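K.L.:
The primary structure of each chain is shown beneath.
There are 2 protein chains.
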Amino acid sequence: MDQRRLRLGLVGIGKIVRDQHLAAIAQSGQFDLVATAAPEGHVEGAAAYSSIEAMLAHETLDAVSICTPPGVRAPIAIVALRAGLAVMVEKPPTATLSQAEHLARLAASGGQTLFSAWHSRETAPVDAVRAMLTDRRIEAIEVIWHEDVREWHPGQDWLLAAGGFGVFDPAINALSILTKVLPGHLAVQSAALGVPENRGAPIRADVMMHFDGSVPVRLDLNMRHAGTARWDIIIATDRGTIELGRGGHRWSVDGEVMPVEQGQEYPRLYRRFAELVDTGRSDFDIGPLMLVADAMMVGHTTREAAFHF
Amino acid sequence: MDQRRLRLGLVGIGKIVRDQHLAAIAQSGQFDLVATAAPEGHVEGAAAYSSIEAMLAHETLDAVSICTPPGVRAPIAIVALRAGLAVMVEKPPTATLSQAEHLARLAASGGQTLFSAWHSRETAPVDAVRAMLTDRRIEAIEVIWHEDVREWHPGQDWLLAAGGFGVFDPAINALSILTKVLPGHLAVQSAALGVPENRGAPIRADVMMHFDGSVPVRLDLNMRHAGTARWDIIIATDRGTIELGRGGHRWSVDGEVMPVEQGQEYPRLYRRFAELVDTGRSDFDIGPLMLVADAMMVGHTTREAAFHF
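Going down the list, the protein sequences come from chains A and B. If you use the numbering used here, the first sequence corresponds to residues 1 to 309, in order. If you use the numbering used here, the second sequence corresponds to residues 310 to 618, in order.
Calculated from the structure, these hints are not laboratory results. Being a predicted model, the structure only gives us computed values, none of them experimental. Glycine included, C-beta positions come from ideal geometry on N, C-alpha and C. One or more hints might be untrue.
What the hints assert, rightly or not - Footprint (simulated), chain A over chain B, 3 or more residues, beta carbon under 8 angstroms: (1) 408–416; (2) 482–496; (3) 598–607.
Said to hold, decoys possible - Anything over 12 angstroms on all C-beta distances counts as not near chain A; from chain B, calculated: (4) Ala335; (5) His351; (6) Ala357; (7) Ala437; (8) His455; (9) Gly536; (10) Arg559; (11) Pro568; (12) Arg581; (13) Leu585.
What the hints assert, rightly or not - SDA-like, lysine to any residue: derived pairs with alpha carbons at most 20 angstroms apart: (14) Lys180(A) to Val260(A); (15) Lys324(B) to Pro576(B); (16) Lys489(B) to Arg105(A); (17) Lys489(B) to Ser561(B); (18) Lys324(B) to Gly464(B); (19) Lys15(A) to Asp157(A); (20) Lys180(A) to Arg414(B); (21) Lys180(A) to Glu410(B); (22) Lys180(A) to Arg250(A).
Required output: the full structure, derived from the provided sequences and hints.
P.N.:
See the structure below:
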């Protein structure tokens, strides 16, 4: 009955890897972390290489988990897919939709597992909220995603460069939750984007969407926020308000706080990845990325004061 | 053997309708133009309504052709699909990818015809170039799309507003040709976007793409171009250069001008629409729109001098 343990390579060693991936891999019981590929850094007990090509030249792997900045994820995933490996990609899976489409096609033609790791979908309340919304009428949705980029993304210049997603890098988590819990269609209406004069991506955005053609969905997004972060989704329904707070780590219904199990996001992601590999399937959803692209395409950009870390 | 003639409603009466659609419908032999819906304007011999709702309340139609500005195409298409009609939409089919996805889902669930009318794909050389490229190695591609917005889109403020596509409104024609003739995958690498300080959409863009992962594809796009328009696609191959000029209305191989039949774009579109309705199929491709969204998402925006018509 034992699942075969998978020989895993980790590509990119940054904040999210040290904060989340390593512990989740170690406790999974389904993966052996054999090697890492990153220009800098290494992980105790795993062979360290400077690139995926070097790693694949020396190691026999079953799967890779790609945790680099988004701009280079697609080329790395292509190398891994061409080498016949199963691939898990941090969110957002690629920098562009055309790259995402390309990866999906490669994985399908090779019969390989490709997994877009939308970690916020693995927070405890998501399934419960999804079930709850099937028999309520949604009246309005508000998303407030405020954080201090200096605290949460210290020195990550790539994030504020063109193609780095800016405030949509954290806010795509909200979109990954919404596209999972809502029983219908979400579409971007308009967006106001604030781009610092010395940067290429928005640090602030105000996005109007519609759910099912008419229910207003407003996203108030700001990475230039001093003080405590807020990652809240407030769903007003005909039978009371459902609130997902702290990026899905707490929730309440009409003010009553519901119990949640913490710290399960990344362990659940790796369990799901192992299960997909085991059953030879993929789970590669570009819905949240499509909504970001839409917001950028219809958005009105305003230049604001320069931002320095 | 006669195909049933289709009762057609036309939504939106602008420049492209008068320049192209009316003659193509009249000569098709497959459509009867029964009614129009537009806030202003009418067409001789067709009942004039001010909205699609008014038109549908009074007329029995089989199909509609939607030629409004892109921002309102999706809501109109939704009304038409919900009324059970076949729908043809001018390019680009919608203002956002999420709208496009929604239309595709509605049409599929209703078993109705939905047709994205990429007219440049119907220019005479497209099929020949596509065939020719299957056994050549492509070395580089250059797209030059220069036109004077005052001449080709006089007073069309919507085009330069956020969500109006700006220079991508004409340039998406080049992308519709490329995605049709190339035997492989096209992906956006980077883009520089020039937005006039009093407008919301780029009037100029320099886009770098890759074909099949490494072949450089450069798009030099400019609507702020005084003088003769250029709509050229130059494909350098291992066996000579293929040039598509004037938006696909002329072409040459290694400098030798090839014969082309002119004026067939819109008649071919309507023939194809009738054929899709007749066989109960859809042809709704969002590939070119996805590339524009990618260019907007990774693009670096620079503000340039104000533009006035």
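K.L.:
Take the hints in turn and mark each one as holding or not.
P.N.:
Verification of the supplied hints:
no.	hint	in the structure
1	408–416	holds (count 4)
2	482–496	holds (count 3)
3	598–607	holds (count 8)
4	Ala335	holds, 35 angstroms
5	His351	holds, 29 angstroms
6	Ala357	holds, 27 angstroms
7	Ala437	holds, 26 angstroms
8	His455	holds, 22 angstroms
9	Gly536	holds, 29 angstroms
10	Arg559	holds, 29 angstroms
11	Pro568	holds, 34 angstroms
12	Arg581	holds, 24 angstroms
13	Leu585	holds, 24 angstroms
14	Lys180(A) to Val260(A)	holds, 18 angstroms
15	Lys324(B) to Pro576(B)	holds, 17 angstroms
16	Lys489(B) to Arg105(A)	holds, 17 angstroms
17	Lys489(B) to Ser561(B)	holds, 18 angstroms
18	Lys324(B) to Gly464(B)	holds, 11 angstroms
19	Lys15(A) to Asp157(A)	holds, 14 angstroms
20	Lys180(A) to Arg414(B)	holds, 17 angstroms
21	Lys180(A) to Glu410(B)	holds, 16 angstroms
22	Lys180(A) to Arg250(A)	holds, 17 angstroms
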